[in-house]
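Visitor: Listed below, chain by chain, are the residues.
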Amino acid sequence: MKIVKAAIAGTLESSDLVVKVSPGEEGLDITISSEVFKQFGEQIAAVVKETLAALNVTQGEIIIEDKGALDCVIRARLQAAILRGAERTDIVWEKL
Amino acid sequence: MCCGGQRLRGTSLGLKVIHEAEVQAIQNGEHQLFLLTSPDNVKAFQGGGFYPLVTLDNRATLMENTPVGIQRYCRKLRTHRQDQAANVGAIVMNANPFTSGHRYLIEQAAKACDWLHIFVVEEDLSAFSFQERFAMVQAGSCHLPTVTVHPGSRYIISRGTFPGYFLKEKQIINEVYSAIDLIMFRRYIAPALNIRQRFVGTEPFCKVTAQYNCAMHYWLEDKMILPDAMIKVNEITRVTDENNLPISASAVRTALKRKDIDAVKRMVPATTLPFLARWLSHHTSTEPEYDLANV
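Which chain is which? The protein sequence lines are A and B, in order. Quick note: the first sequence, position 75, residue 75 per the working numbering, numbers continuous. Quick note: the second sequence, position 83, residue 83 per the working numbering, numbers continuous.
These are calculated hints, taken from the structure and not from any lab test. It is possible that some hints are incorrect.
Here are the simulated lysine to any residue pairs, SDA-like style, with alpha carbons at most 20 Å apart [as the list claims (entries may be wrong)]:
1. A/Lys5 to B/Ile26
2. B/Lys43 to A/Val36
3. B/Lys16 to A/Ala9
4. B/Lys16 to A/Glu13
5. A/Lys5 to B/Ala21
6. B/Lys111 to B/Ala139
7. B/Lys43 to A/Glu35
8. A/Lys2 to B/His31
9. A/Lys5 to B/Ala25
10. A/Lys5 to B/Glu20
11. A/Lys5 to B/Gly29
12. B/Lys16 to A/Gly68
13. B/Lys76 to A/Gly24
14. B/Lys43 to A/Thr11
15. A/Lys49 to B/Pro67
16. B/Lys16 to A/Val73
17. B/Lys76 to A/Gln59
18. B/Lys43 to A/Gly68
19. A/Lys38 to B/Gln46
20. A/Lys5 to B/Asn28
21. A/Lys2 to B/Ile26
22. B/Lys16 to A/Ser15
23. A/Lys5 to B/Tyr73
24. B/Lys43 to A/Ser33
25. B/Lys16 to A/Thr11
26. B/Lys76 to A/Glu25
27. B/Lys76 to A/Glu26
28. A/Lys5 to B/Val23
29. A/Lys5 to B/Gln27
30. A/Lys5 to B/Gln32
31. A/Lys5 to B/Leu33
32. B/Lys76 to A/Thr31
33. B/Lys43 to A/Ser14
Residues from chain A that keep clear of chain B, each with C-beta distances beyond 10 Å, as calculated [claimed, not checked]:
34. Lys2
35. Lys38
36. Gln39
37. Leu52
38. Ala54
39. Thr58
40. Gln59
Cβ atoms here follow ideal geometry from the backbone N, Cα and C, with glycine treated the same way.
Using the sequences and the hints given, assemble the complete structure.
Guide: Here it is as structure tokens:
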């Protein structure tokens with residue numbers, strides 16, 4: 001899936017996160033800021049990468065502002081942002 | 001007295017407002033945002049996903065809504081770095097339109113350094129579009145082998161870093177803005193390209209630009225105020241036409257409006273003329289300007 005425009009998903013509430021995506025030419029550029037980065041930074045990065053791989057996203061700029069969200073929330077917000085940024089409606093639900 | 005304040009405390013209303021503003025901006029197609037605030041508020045906005053770029057002590061902090069925006073731009077710039085050149089210079093210009101004065105400034109600057117980077121102001125708020133201005137600068141400088149022309153990005157004299165430049169008609173001039181713009185240049189842009197000198201034409205007409213030139217000496221050259229390497233500022237005396245009047249882009253625009261083609265031709269290089277011809281044919285109602293188009 002290709003990100004063709006800037007999109008945002010999520011909120012800045014505690015236990016949520018904001019995902020911002022925008023088009024990029026050279027591969028994936030992922031930046032994660034988290035209030036619990038010291039404790040869970042690696043786990044967040046793993047979930048993000050896994051979700052991007054499942055959606056077959058290989059290019060784009062991804063910015064995560066995490067407020068201590070659970071993995072399932074991270075996944076859902078990232079999926080929402082990507083689908084908005086890719087302007088896709090033909091969602092393959094089983095892939096998500 | 002204000003019970004609302006008590007009731008809403010602890011509900012992170014501030015974050016909601018910041019986030020809502022960002023969502024609205026994205027819906028309007030603006031996903032890169034700047035935020036100018038008092039240094040006391042930086043912490044609060046950091047919680048909302050804004051990151052500080054530069055701070056002017058006790059006065060203002062410029063922030064942006066990405067942790068990596070300026071780094072990304074500088075990374076792109078570094079691919080144009082000329083490592084064999086020891087003495088690298090830079091010019092920032094709007095070129096609205098590109099005049100013989102700009103050409104003279106570029107030639108003088110290129111002579112004075114090993115490599116010259118020209119940044120064309122990217123903000124599209126001038127008579128000529130960014131695309132036109134960029135192409136005019138490229139056409140007017142391609143005879144010089146040691147020059148690179150860059151889009152100015154939103155980090156050099158944009159509405160974000162220097163709104164005063166575009167508000168000058170209303171005479172809203174703010175030295176805070178020019179300081180922020182210049183600190184941005186000294187801290188981020190110049191090191192990416194190893195820029196040691198900045199060149200500028202003397203400014204006899206425009207108050208905002210004259211004040212900016214003056215601020216340039218202070219914010220780029222002073223060794224005490226900033227830890228970043230200093231940049232030498234060279235003011236080059238403006239070139240004049242046959243009647244001893246300084247050439248300026250605004251004079252060219254005035255002549256264009258009067259359709260005084262002879263005056264225009266005296267002030268711009270041949271490389272600019274095709275752009276002006278196109279501009280005239282778009283901006284005057286019916287008959288195209290054959291006089292210029294045939295040059």
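Visitor: With the threshold set at 20 Å, check whether the alpha-carbon distance from B/Lys76 to A/Glu26 stays at or below it.
Guide: Holds, at about 11 Å.
Visitor: Measure nothing beyond the straight line between the CA atoms of A/Lys5 and B/Leu33; if it is 20 Å or shorter, mark the hint as holding.
Guide: The hint holds at about 16 Å.
Visitor: Evaluate the condition: distance from the CB of A/Thr58 to the nearest CB of chain B exceeds 10 Å.
Guide: A/Thr58 clear of chain B: closest Cβ-Cβ about 18 Å, beyond 10 Å.
Visitor: Starting from B/Lys16, check that the Cα of A/Ser15 is at most 20 Å away, please.
Guide: The given pair, whose Cα atoms are some 14 Å apart, holds under the 20 Å limit.
Visitor: Hinted pair, alpha-carbon criterion (20 Å max): B/Lys76, A/Gly24. Please report holds or violated.
Guide: holds (12 Å)
Visitor: Given the hinted pair B/Lys43 and A/Glu35, is their alpha-carbon gap at most 20 Å?
Guide: Measuring from Cα to Cα gives roughly 13 Å; hence the hint holds.
Visitor: Take a quick look at whether A/Lys5 and B/Glu20 sit within 20 Å of each other, Cα to Cα.
Guide: holds (19 Å)
Visitor: Check whether the Cα positions of B/Lys16 and A/Thr11 lie no farther apart than 20 Å.
Guide: holds (8 Å)
Visitor: B/Lys43 and A/Ser14 were given as a pair; does the straight-line alpha-carbon distance stay at or below 20 Å?
Guide: holds (16 Å)
Visitor: Taken at face value, is the distance from the CA of A/Gly68 to the CA of B/Lys16 at most 20 Å?
Guide: Holds: B/Lys16 and A/Gly68 sit about 17 Å apart, inside 20 Å.
Visitor: Between B/Lys111 and B/Ala139, is the straight-line Cα distance small enough, at 20 Å or below?
Guide: holds (18 Å)
Visitor: Please verify whether B/Lys43 and A/Gly68 have alpha carbons no more than 20 Å apart.
Guide: Between B/Lys43 and A/Gly68 the Cα gap is close to 18 Å, so the pair holds against 20 Å.
Comparing the model with each numbered hint stated earlier shows that all of them hold.
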